[in-house]
Amino acid sequence: MSQEAVARSAAIAAKKKFNWQLWGLLFVLPEIIIFLMFLWIPIVKGVVYSFYNVDFVNGNSFVGLQNYRDVVSSEDFWMAIRNTLYYMFLCVIIGFWVPAVVAIAVSELKRFQGLARVAGYLPSVIPAIVLYGMWVWFYDPIGPINTMLTSLGLEQIDFFSKGMSMVSIVIMETWQNFGGAVLIYIAAIVGIPKDLYEAAEIDGASVWQRIRSITLPSMKPLLILMFLLQIINTSQSFQAQMAMTGGGPDNATLTYLLLMYREAFTYLHFGKATAMGSMLFGVMVVLSFLYLKLQRRSETA
Amino acid sequence: MKKLTAIASCVLLTSMLVTACGSGGDIKEPASNNVSSSTAATSETNTSGGDTAAAGETEAKQEPVTITVQGQKPDKKEAIEQLNLKIDRFKSANPYVTIKTDDWEYNPNEIGIKMAANNAPTEFTSYLTEGRTLAERSWAADLTTLINNWTHKDDLNPIMTKPVTVDGKIYGVPVDAYVMTITLNKKIFEEKGVPLPPLDWTWDDLIDAAKKVNDPAKGIAGFIPMGKGNEAGWNWTNFLYAAGGDVQTIADGKVTAAFNSEAGLKALQLYQSLKDADVLPKNWALGYGDALNLFNQGRGAMVMCGSGNAADAAINTGGISKDDIIVYPIPSMTKGGKHTGVLGGSFKVINPKASEQEQKTAFDWITSEYYTDDFVNAIDSEITTRKNENKIYVPQTIFYWKPESEFGKKFTDMLAKHDNVFTYDPALLSLLEGKPEAEYEAQQTYAEISTIVQKVFTTKNLDLQKVLNDAASKIQSEVYDKIQIKQ
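First to last, the sequence lines map onto chains A and B.
Take the first sequence: its position 190, counting from 1, is numbered 190 in the working numbering, and each next residue is one higher.
Take the second sequence: its position 343, counting from 1, is numbered 343 in the working numbering, and each next residue is one higher.
To be clear, the hints were calculated from the coordinates, so they are not data collected in a lab.
These figures come from a predicted structure and were not determined experimentally.
Any given hint could turn out to be false.
[Unchecked claim] Distance condition first, Cα-Cα at most 35 angstroms in a straight line; then the derived DSBU-like pairs of lysine-lysine:
#	chain 1	residue 1	chain 2	residue 2
1	B	K322	B	K282
2	B	K211	B	K162
3	B	K482	A	K162
4	B	K482	A	K45
5	B	K77	B	K402
6	A	K45	B	K460
[Stated by the list, open to error] In silico negatives: residues of chain A with every beta carbon more than 10 angstroms from chain B:
#	residue
7	I93
8	L268
9	V286
Note that the Cβ used here is the ideal one computed from N, Cα and C, for glycine as well.
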């Protein structure tokens, strides 16, 4: 009798649990469908296409690893990888520390903090196409920067020369993008317990000591996270290069994604482009795992 | 029990949501069916009425058919007005046809997506230079039979049918064409007190004129070549052609790079001397639009573009007076030499994914007013409308008709009536010599040549012949050697 009751209650519990799971499943279903349609199926299709000669009208034909062989044997491919790595390096050297420094400086401000935050974020509001037009003018031989240099009796800078063009693009992108990162850093700084600072002040710590011993250590996990995110983002850069230099001069700003774009939409070699995409996807997956691992480690630390 | 109904209704809701998502693309279907069935009704009454335009046609043609035709961007009001009138005329002659317009403008970077997504219009205007690309990828319908059955097939201008003929088949209906030219801003020449060079000028005349009008302090460049993107290669190819060179040669089923020839070296030396003379804009990164903008702003005295295109932009966008603009041919390498430039233009393409009936209707739509007074009158009234808006009409230099034909004369007479039509020097037309673009992998070849051009613009002390040879051997091994020519 009692056994039966236990069994029945167990059955009811199981049914309840099942109902709950069904409910949950139903709620995620739309997301699953949308992700499937716009993300996972395209990714899988992209990988599959990389083994085919893509022809929308007459049907695709399987070519094995031919696309990969063609891509790897092209000079531009290696050039694009070098350029992308150089670009990522420049973004770290020129761009990575700026938002952190600005965030700390803003949080140390006694007055006008709100104004400073808004001013920092403003460049991000400018639409990309306006931004490129604006900076092409800034960098123009008769534009404001060079006019200022000449009036100071200095040498003009050729911003789009082979050596300078990538640096010029990184400066522009840093200017545009640092606002968003500043807000994230400020949020982190605000989250640091106030009593730590108060204790430090009572102990007579200077501003610099406060920053070094309290602010920076508290921001460390976030800095690592932002660094990895930046690496992931910058490895996929091509917008500015396409709009401002078209990958030139002499392929000096030809990034991996720009080459991929060209293969697909200018040369119409969709198979080769998807092969490049699949390779990039592989690298991204590795980076993402690294990111997850680092994040977990910083959590346990 | 309550729970069960809740779950059931939830399932129902989700499935409705999903089906709504899934059929998003088909929603239009019933609506268009309605439209066509209503037109079908009209066509039936018409045929029972006896003689209509459709009566003489075959049985299959009276089925209702919907085609999407090349539209115009919303800012081109005069052209839209004429297009709508043409649609009305076509519909009254062919009542079973429903016509929709699509204002997508052909772009080599977008056509792949359009074809993959299967939403290219039934007919669209493409660049003359895209003939082989479209044909080889089966993105243009084979019109050989339709053209051969067309009454005007022998009236077409042979210069224009050649680029759309690929491996003996015709893939498009020619519209108009141009040969690359150099457009000069007369005002800058006058302000500097520099006399205009002779119309049959040479490379030396070009360098000489550019040096004299150049004014870096004011930011005025003597000559604006395009340097960014594939346009850089396209611009330079004109000088390669003028020097008698070729981009590639085709023999024994093999494509061979030929731009590293003697002529190629000469053309690159010309760019080098323009660079050394410091007559080019400081910023090399100028695409098509950037170069034309500089010219429109009066920041350059000369720009290279397809015959009237730079003039059109300078006058109607830049606000430069039409009397201050003059069009020159590509200069010849030596005095008395040929003024060869790249041949470009536009032609009508029919979507191969359309049904046979739609293709036939689209062909009828494209050619319905070819060689008729309606065609001339439409442009006539477009020019009149433009006059009221203080806009200038800039005609092309080559058309689908033969220039010496009766119809050609009619068109020229119509243009002569108006004072808001840009006129070319009559001597110019006889100097222009058009040469089609490279047939195989033109875009990738241009990309390679663009890097050469950019090297010249940004690097000092180059070994030009070596640069050319390196690029030629690279494109040879990476691209040309893999091309299989259909015999």
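Outcome of the hint check:
At roughly 28 angstroms between alpha-carbon atoms, B:K322 and B:K282 fall within 35 angstroms of each other, so this suggested pair holds. About 39 angstroms separates the Cα atoms of B:K211 and B:K162, which puts this hinted pair outside 35 angstroms; it is violated. As the CA atoms of B:K482 and A:K162 are separated by approximately 31 angstroms, the hinted pair is consistent with the 35 angstroms bound. Restraint check for B:K482 and A:K45: satisfied, since their Cα atoms lie roughly 25 angstroms apart, inside the 35 angstroms limit.
This hinted pair checks out: B:K77 and B:K402 have alpha carbons roughly 29 angstroms apart, not beyond 35 angstroms. Distance restraint check for A:K45 and B:K460: the Cα-Cα separation of roughly 46 angstroms exceeds the 35 angstroms cut-off, and the hinted pair is therefore not satisfied. Every beta carbon of chain B lies more than 10 angstroms from that of A:I93, the smallest distance being close to 23 angstroms; the non-interface claim holds. Residue-level check failed: A:L268 sits 5 angstroms from the nearest beta carbon of chain B, not beyond 10 angstroms.
Distance to chain B confirms A:V286 as a non-interface residue, since its nearest Cβ pair spans about 28 angstroms, more than 10 angstroms.
Checked against the numbered hints given earlier, the structure breaks hints 2, 6, 8 and satisfies all the rest.
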